[in-house]
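Asks: No gaps in the numbering here: position 82 of the sequence shown is 83 in the working numbering, and each next residue is one more.
It should be emphasised that the hints constitute simulated quantities derived from the structure, not laboratory data.
Model, not experiment: these values are computed from the prediction.
Hints may be right or wrong, so weigh each one.
DEER-style ranges, computed between Cβ atoms [what the hints assert, rightly or not]:
{"hint": "1", "residue 1": "H110", "residue 2": "K185", "range": "20 to 30 angstroms"}
{"hint": "2", "residue 1": "L188", "residue 2": "R249", "range": "18 to 28 angstroms"}
{"hint": "3", "residue 1": "R278", "residue 2": "H110", "range": "45 to 55 angstroms"}
From the three backbone atoms N, C-alpha and C, an ideal C-beta is built for every residue, glycine too.
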Amino acid sequence: MANTRDPESTEGRVDRRFSGIGDPERWVLPAVLAEQAARQGDATWIETVEGDCWTFAQAWLEARQVATWLTGVRAWMGLGLLGATAVLLNTELRGAFLAHQLRNCGARHVIVDGSLLAQVEDVVAVAPKLAYAVVAGAAPRATNRLARLHWEGWRTATPHDGTLPSAHDISCVMYTSGTSGPAKGVLMPHAHCTLYGIGTCTAVELDFRDRYYITLPLFHANGLLMQLGATLLAGIPAILRSKFSASRWIDDVRRHRATVTNLLGSTAAFVVAQPERSDDAHHRLRAVCVGPNLPAH
């Protein structure tokens, strides 16, 4: 894609990048959010295609409320503030595959959308350490095999003001695809997670004019760290779609004025296969990161 950013634009021309990019000891994503909230709190960080919007300041406040609430009983960053370890599981997991990962990581609590609670309850018997579920939304098929709390409880919590974790502390566990055997949990320190985003900032040369469109799942490093983490480090907006749609891809890109996005595997082929339209070139995209590469078209 051609670079469509206006090189003469001065609107918002400030260096929004995290000041600690050159210091690995400061590579802690909750600390990055704290700095962005203090420096440009009213600026938009996250938009969704459904119309929701969070500024850096809102995200920082809500993460601290979640952190306080979780010590008494927005999850990724709230857990990070506590120094707790988030285990990010594929939402398509069922049965033995889900049971293996819950048992392998030794999870005591699970944060789950209500529509998926029944799948978790189905494997409670073989994940004996699991104590309760924090449930977001209605759970129509759920039973009472697992004690539960309601996700909305965080909204009344006092913001957490404790010490931030260090760059060496484990931020999260991500599981491999399991193609050569049972999936293996990869321990990801805060510095490692931050480095993914730094790599994107450098490779794509993100600056204040960029807007990143994200369609890949946030339980994988590409969506969560290489893309969303990069927007946090660069101090720019992220536009989220909860599930990739090839037919809506170019419309989203155009409507949200996206300049950068990632495609992975077959998603790129699905986009290219869409029927050609007369306005296909009317957008602001300057970079599409694709892996593996598509054959020439």
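Asks: Now look at each hint and say whether the structure bears it out.
Replies: Outcome of the hint check:
1. Judged by the Cβ atoms, the range 20 to 30 angstroms given for H110 and K185 holds: they are separated by roughly 22 angstroms.
2. Separation of L188 from R249 is about 36 angstroms and departs from the stated range, judged on CB atoms against 18 to 28 angstroms.
3. The hinted window of 45 to 55 angstroms between R278 and H110 holds, with their beta carbons roughly 47 angstroms apart.
When the structure is compared with the earlier hints, a violation turns up for hint 2 alone.
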